[in-house]
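There are 2 protein chains.
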Amino acid sequence: MASNKKYLFTPGPAPVPPEVLLEMARPIIHHRTPEFSAILDSARERLKPLFGTRQEIILLASSGTGAMEASITNLLAPGDHAIFVNGGKFGERWGKMLAIYGVVGHEVKVEWGQAARPEQIEEALRANPQARAVLMQASETSTCTVHPVDEIGRVVRGRDTLLIIDGITSVGVFDQKMDEWGVDALITGSQKALMLPPGLGIIGLSTRALDVAQKNRAPRFYFDLIRELKAQRDEHTTAWTPSVSLIFGLNRTLELLHAETLPQVFARHRLMAEATRAAAPALGLKLISPESPAPGVTGLLTPEGLDGGKLVRLMRDELGVSVQGGQDQMKGKLVRIGHMGFLAPFDMLTAVGALEIGLDRLGYRFAIGAGVAAVLQRIAQGG
Amino acid sequence: MASNKKYLFTPGPAPVPPEVLLEMARPIIHHRTPEFSAILDSARERLKPLFGTRQEIILLASSGTGAMEASITNLLAPGDHAIFVNGGKFGERWGKMLAIYGVVGHEVKVEWGQAARPEQIEEALRANPQARAVLMQASETSTCTVHPVDEIGRVVRGRDTLLIIDGITSVGVFDQKMDEWGVDALITGSQKALMLPPGLGIIGLSTRALDVAQKNRAPRFYFDLIRELKAQRDEHTTAWTPSVSLIFGLNRTLELLHAETLPQVFARHRLMAEATRAAAPALGLKLISPESPAPGVTGLLTPEGLDGGKLVRLMRDELGVSVQGGQDQMKGKLVRIGHMGFLAPFDMLTAVGALEIGLDRLGYRFAIGAGVAAVLQRIAQGG
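Sequence lines, in order, name chains A and B.
The first sequence lines up with residues -7 to 375 when you count with our numbering.
The second sequence lines up with residues -7 to 375 when you count with our numbering.
No wet-lab data here; the hints were simulated from the structure.
There may be inaccurate statements among the hints.
[What the hints assert, rightly or not] Computed footprint of chain A on chain B; a stretch qualifies when at least three of its residues, placed anywhere within it, have a C-beta under 8 Å from a C-beta of chain A:
#1 6 to 19
#2 22 to 34
#3 327 to 337
[As the list claims (entries may be wrong)] Calculated from the model, a selection of chain A residues having no Cβ within reach of chain B, i.e. all distances over 12 Å:
#4 24
#5 37
#6 57
#7 84
#8 92
#9 98
#10 109
#11 114
#12 151
#13 167
#14 206
#15 228
#16 236
#17 284
#18 297
Owing to the predicted nature of the structure, the values given are computational and were not obtained by experimental measurement.
Backbone N, C-alpha and C define an ideal beta-carbon position, used for all residues, glycine too.
With the hints as extra help, turn the sequences into a complete structure.
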């Protein structure tokens, strides 16, 4: 390929803008200072429109998985019942976490690549009226699929059941309306649409969720959200040592996203996803989730008989272009192209171009250039 | 375009790798220290293979134009005669500089987009046997054209005439053989293939050129190359205050280029240029220099009746993609796409993709996607 240049299209971690990398290179300050407090307050406030909430947002020095765990240990207790949607690796993770913490999980099984239907949740709630929470993904990264949180919110509403949403590949990617949809906990991580390195878990909590957490006696220490909220809201610092540089970066990245304006940020992700999907028919490939595709990551099924793992390695090692393969039953059968981080529509020409060269080198026959032409045609239509 | 992301494809300044930006963010050190000397020595040594020389290389705190001026004020004196090739804006600049310094310039006029022919130089030398120097560009950036320095070197050789080459868009772009071709001064700037911000002028000098400079009494102070060489070679520092951060960056960028290996670096530029040129017939566009195209920058003539200036502004302001238009008689009629700096073949998909969208928006009719498909087809062939 005559190049050492690397391109990152994994669905997290994702590229970080140079301005943000430089901001994170600022000298470290102590976290019990007015200077840090001003940055923390600003970042927490600037996050709210991305969550669609006027309620509380808490930062954690953890990955997104840490924030998922916090939602369980703060909002549920051993012996509680909860419903969880399992439509992929991250839905499955909800189930594993519930079991570890002694919560009786009731699985709503969803075929990989399909969206959960509100009727499925309604039925699960009817069968398990004692469920204290419904847990699901807004966007299931492993299957590149969006679940209809708004419609499911309508089903859960009016009950004594919390709605806990893993929004790791939805917050900042597309419009989240936590308050309007009746979401009680909305979770994300820094390394996706927030255009930061990994290391920050972020959780938005409804007043109702805070009440539940306040009364909950289940054991937790590092992820004690009540203690954290008291520190962050009332004392303008964090309970434990925060990721100072990442919070510098977060404040800056949110400034960039708001300068771009959120409607434009969402349009950017949507256009990248639609342009990438446009390449599928042009290359004779199928989408893993044709009916409910995620705007943050696109999953293309690799051709029958072609080793998808080899394709992903070839793209990375020989072409310098990192995408991600499939997990579990999709291992070797899927290529996932991320649209999150410091990426814009033209970058999808590179992602799809590298995919084409990879497919060609592995013997798949098609008209080289058909994919990038389809990508450009979709970009040219705007949106 | 739903994006604030910017892409830089001007034929200098060109994108700088993040590693190099970080290197330049190192704390400033003083330039009369062993630490600075080690970096200066290393950078000067690492430059030599890019110039194709085992002779001396001198760094100047100036743009490339400063280094061009230095070659005149050090190697020529008022009343001297010199031959210069004028095949574009930079050839014309040689003429202007010679006149300012009282050198009698004999112009070899070359049509824009054409390469100088060795016979033209031979004829000029015959007509002006008193000429002390032949000055030309290795690659004329304004017309995206390569001149055959190797063949012209054979014509000049054996005479008492220096060969002074502006290599600003050739050093690091394609193989330069200063010693083998008999070049006496080879000049470049930091902001092209060296992948640095602007601010460093660099000049390689033959032993013969140094002898001439040594004896030359023409006035010069800041650009006194003998004084500079004494400082850089013998005292391991610079005569005047150097661009310390740029020299940090230069040493790092040369490390990256040598790690990539020079044959690969040259192949990368060649492939970018060939892939970009492949888009021309696909889009019904003509090249400004079809017979001797430069590997560092490609010039595409805009369609009859379409305002090329408007096209360049639209690409920059609406699509975030910076390319450069034409100058003088090519104003409004040319789009120049640079291949220098931290760029690789896949990036040409973005440059050509943006060109296609710009052309489409200005009413030029063609099959959108044809250009990027042609680019990818060329990339897929490798090289």
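Against the structure, the hints:
no., hint, verdict
1, 6 to 19, "holds (count 4)"
2, 22 to 34, "violated (count 0)"
3, 327 to 337, "holds (count 4)"
4, 24, "holds, 28 Å"
5, 37, "holds, 22 Å"
6, 57, "holds, 28 Å"
7, 84, "holds, 34 Å"
8, 92, "holds, 40 Å"
9, 98, "holds, 40 Å"
10, 109, "holds, 31 Å"
11, 114, "holds, 36 Å"
12, 151, "holds, 39 Å"
13, 167, "holds, 14 Å"
14, 206, "holds, 41 Å"
15, 228, "holds, 30 Å"
16, 236, "holds, 19 Å"
17, 284, "holds, 22 Å"
18, 297, "holds, 21 Å"
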